[in-house]
Amino acid sequence: MGTFKVARIQTSPIDGQKPGTSGLRKKVKVFVQPHYLENFVQSTFNALGADKIKGATLVVSGDGRYYSKDAIQIIIKMAAANGVRRIWVGQNGLLSTPAVSAVIRERVGADGSKANGAFILTASHNPGGPNEDFGIKYNMENGGPAPEGITDKIYSNTTTIKEYLIAEGLPNVDISKIGLSNFAGPDGQFDVDVFDSASDYVKLMKSIFDFQSIKKLLSSPKFTFCYDALHGVAGAYAKRIFVEELGAKESSLLNCVPKEDFGGGHPDPNLTYAKELVARMGLSKSDNNPDPPEFGAAADGDADRNMVLGKRFFVTPSDSVAIIAANAVQAIPYFSGGLKGVARSMPTSAALDVVAKHLKLKFFEVPTGWKFFGNLMDDGMCSVCGEESFGTGSDHIREKDGIWAVLAWLAILAYKNKDNLGGDKLVTVEDIVRQHWSTYGRHYYTRYDYENVDAGGAKELMAYLVKLQSNLTEVNNIIKGIRSDVSKVVNADEFEYKDPVDGSVSKHQGIRYLFEDGSRLVFRLSGTGSEGATVRLYIEQYEKDASKIGRESQEALAPLVEVALKLSKMQEFTGRSAPTVIT
1 MGTFKVARIQ TSPIDGQKPG TSGLRKKVKV FVQPHYLENF VQSTFNALGA
51 DKIKGATLVV SGDGRYYSKD AIQIIIKMAA ANGVRRIWVG QNGLLSTPAV
101 SAVIRERVGA DGSKANGAFI LTASHNPGGP NEDFGIKYNM ENGGPAPEGI
151 TDKIYSNTTT IKEYLIAEGL PNVDISKIGL SNFAGPDGQF DVDVFDSASD
201 YVKLMKSIFD FQSIKKLLSS PKFTFCYDAL HGVAGAYAKR IFVEELGAKE
251 SSLLNCVPKE DFGGGHPDPN LTYAKELVAR MGLSKSDNNP DPPEFGAAAD
301 GDADRNMVLG KRFFVTPSDS VAIIAANAVQ AIPYFSGGLK GVARSMPTSA
351 ALDVVAKHLK LKFFEVPTGW KFFGNLMDDG MCSVCGEESF GTGSDHIREK
401 DGIWAVLAWL AILAYKNKDN LGGDKLVTVE DIVRQHWSTY GRHYYTRYDY
451 ENVDAGGAKE LMAYLVKLQS NLTEVNNIIK GIRSDVSKVV NADEFEYKDP
501 VDGSVSKHQG IRYLFEDGSR LVFRLSGTGS EGATVRLYIE QYEKDASKIG
551 RESQEALAPL VEVALKLSKM QEFTGRSAPT VIT
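Take the sequence shown: its position 242, counting from 1, is numbered 242 in my numbering, and each next residue is one higher.
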């Protein structure tokens, strides 16, 4: 057993360490500056307090992006010096964000220990590599992200920090090998437990879904399947779940070897960045597979996001969560007793609202940020939730869960085809979506992202949109001058949310223009980029007329898109004639 001493290292505050909705994200070159990571980690320990840290069990892992392995060793040494009792690390430092949440909630150590929280090393769907992004966030004992009360304290501490504690004489731990390492320090024994990244998560998924029925579907010669991990951490789970447990062919896995730079790609599961999958599914504008699989899906870097595709068919995330909620009780054993309620983020389309009304379910509209769903779940008010940014999940953990969403879709397909596997034609993804539209109506929906926009211009844009809301007559006159075939605005506001659980109020959560026919325009500044500002514009048109639900989305939305861009003076404020990404 090695021994270590505690060193107190003098430091001073570093600007810009305010965590966003999903922790602190910056370029790698920022994180590798002297004391940068250490200041943030010590500020987190100080925010949690000695009573929560001394003797604690903490998880430290992430999506495997560049700088993760160095960061893990630094955090292990700092945890030891701050009196943490044990650190759990996924083999090779790999744990998906949903798996971290599952490990906190479900895993029991060999000595009976349970985790108290976690440092997750990820910048989610942002690129990785020496010149790209790194990130760190802290999750609490419920498995969910730290609430604002804690992140505000962390930030406040970063502005006053004078020293951090780190273990001297503690060697780097070999995180490539499963096993336990023991050390002794001033506070007593300190252990590092390197464990299998997938076991706890796979066990949880098997307790939620009927793997046998999904296996039957995947074994049908009529059903073909493709899963793209975009070289993110989902690759550490894909083979175990889809191939070993469910019997899919290994050739159905794309880009499932986790890489520090995500293979040079952008690990964001959408139609722009998941190019190989999109082509294989017959949705590429140029290079299409003549015989696409029946079902395709992709994950982002840390595997909490998902994209679901049918043969030549894209499922919007807003539709996806509504369809999962509508079918969950019949298709997923975990929900057989009924749903406690459903929730969506404010920018997500109102497709879920219509399902909730139809099924008489409790419904909540919350700001963007998974912690708001977590509060509802901890209070027993929400079972299924989702957001338009390719995040879907349930109360099995306190993070969105990309692989869970894919399994939910496979479970629905298995349920719809349970008496049909020997028939001529399977019920497809497209069949399920179109049937849903005919029952509930269709929410035509698109999102325009303007990435790395000058922050000053972005703020001026938002200020202009707020000012415009003070005179709806003027707004409607402007709209009529742009398009006479667009409904009038009946309400406009800045979204504000009072949490029904803890009473906290979140202001300035997005600017909304609500139209008489149920359509919406929403403008938001996003906090997930590492540089500049990202302006997000959400455009939604609701259609109940069954004869009009089969239109091309771009065609149906064209009038509202024109209104949104001209009303907001988007090009004038951002300098951009087109968005970076359209989803």
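None of these hints come from the bench; they were simulated from the model.
Just so it is clear, the structure is predicted and the values come from calculations on it, not from any experiment.
Hints should not be assumed to be uniformly reliable.
Unchecked claim - Taking CB as the label site, the calculated pair distances span:
1) P221 with K488: 48 to 58 Å
2) K285 with D196: 34 to 44 Å
3) D424 with D545: 45 to 55 Å
4) H358 with E555: 50 to 60 Å
Don't be surprised by glycine CBs; every beta carbon is placed ideally from N, CA and C.
Each hint, compared with the structure:
{"no.": "1", "hint": "P221 with K488: 48 to 58 Å", "result": "54 Å, holds"}
{"no.": "2", "hint": "K285 with D196: 34 to 44 Å", "result": "41 Å, holds"}
{"no.": "3", "hint": "D424 with D545: 45 to 55 Å", "result": "32 Å, violated"}
{"no.": "4", "hint": "H358 with E555: 50 to 60 Å", "result": "27 Å, violated"}
Comparing the model with each numbered hint stated earlier shows that hints 3, 4 do not hold.
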